[in-house]
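Chains as they are written, first to last, in full-length UniProt numbering: chain D, 1 to 222; chain X, 1 to 221.
Hints were generated in silico from the structure; no laboratory data involved.
Note that the Cβ used here is the ideal one computed from N, Cα and C, for glycine as well.
Treat the hints loosely; a few may be bogus.
Unchecked claim - The calculated EDC-like cross-link candidates involving lysine to aspartate or glutamate, where the alpha carbons are at most 16 Å apart (straight line), are:
hint	chain 1	residue 1	chain 2	residue 2
1	X	K87	D	E64
2	X	K87	D	E88
3	D	K138	X	D47
4	X	K78	D	D85
5	D	K78	X	D40
6	X	K78	D	E88
Said to hold, decoys possible - Where chain D lies over chain X, by a calculated footprint (3+ residues, C-beta under 8 Å):
hint	segment
7	144-158
8	161-171
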Amino acid sequence: MAAKPKLWYFRGRGRMESIRWLLAAAGVEFEEEVLETREQYEKSQKDGRLLFGQVPLVEIDGMELTQTRAILSSLATKYNLHGKDPKETVRIDMYAEGTLDLMMMVALAAFKPPEEKEESLALVVKKAKTQHFPVFEKILKDHGEDFLVGNKFSWADIQLLEAILMVEELDASVLSDFPLLKEFKTRISNIPTIKKFLQPGSQRKPPPDSHYVEVVRNVLQF
Amino acid sequence: MSRKPILHYFNGRGRMECIRWLLAAAGVEFEEKLIEKPEDLNKLKNDGSLLFQQVPMVEIDGMNLVQTRAILNYIATKYNLYGKDIKERALIDMYSEGVADLGEMIMLLPLCPAAEKDAKVTFIREKTTNRFLPAFENVLKSHGQDYLVGNKLSRADIHLVELLYYVEELDPSLLANFPLLKALKARVSNLPAVKKFLQPGSQRKPPTDERQIEARKIFKF
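Looking at chain D on its own, in the form it has when it is part of the complex:
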């Protein structure tokens, strides 16, 4: 019986949240080791668990995987959420990269001084409304299917839902011009594994607050 994947990261979203979403959506139970102190971090570096001395780290199938995208890509393939052929895979990758870009902006904004942070987050909402969401609305409109790629649930759908919810936290009206995305949001949220993940008490993490920022700054020393 295979061991559960084990995640090593801060108690917060950051670069690990998309990985939590993917595992949860795939119905995979996982454990989390919480990184809170500089000492813990240095120990994990010294123990050679972190190839480039950085987190996120996911221990899975006897491997210590770091680098967010390497982890995401590997998990998507392992759990059959990465398309049925290279042409589907590349579309999933393109869509996932687009949403990752957007969500990274949100994650990094938390570490900026208040004025810059406001500006950054406003830019995220603007990009979502003008650059990203119109693209996904059109994709859904053009093929009229329930999922973004190949008429089948994939990593791209999980990423898009995560991104939609994250941007809605910044501006609740952001989907007002995107009726198909609204339906998409409801539909994907109702998938049993995702519905469960969206409930209180799951391993989903809240938006970054000042305590989270302080912990990360202390541990990573910046």
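Mind docking chain X on chain D? Use the hints.
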């Protein structure tokens, strides 16, 4: 007979260079449509060929691909440079992402304000010698094979060797304590397709200079 891939980008390295390297190393001939004026970029935006209104964009196999990583993943799969199974692929991805992290810092250096440049260079030098190069040197040391993964050339080797050239451009002495990386660089550079790409007159682009950056700032692209 299938068409050659067509690369749409500025006349410079930026986010397209790793794609040029990968195609070249795979022995794949490609064409380039260079973006030299704002109108060139606007035309691409207006004809709907840029999914997120951004370049790089690569026309290949009837698709307009965007997002550097998506493009690299597709090319690596197509030309068998992505390992033989999911575990090899995970290692290749992890190594490639590490290369991309350091590569990104070096790529963005010309855009750094003059006042911050020295500090940035120091930071990059430190990360190069203490974080990234040791990691790759240790991988090669751990298995003693000629290539990073599976005893076979993969995209990870190509990306890493490309990076080593940029590290060398920054300061050749940075490679001094990494004999296995130097050997990998020589080995990959001597592969016929790579050797050809390294010669003058190939589609390899020179370092970004100040004039290119100014031009792009003026034209807002």
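Out of the numbered hints, which ones does the structure contradict? 2, 5, 7, 8
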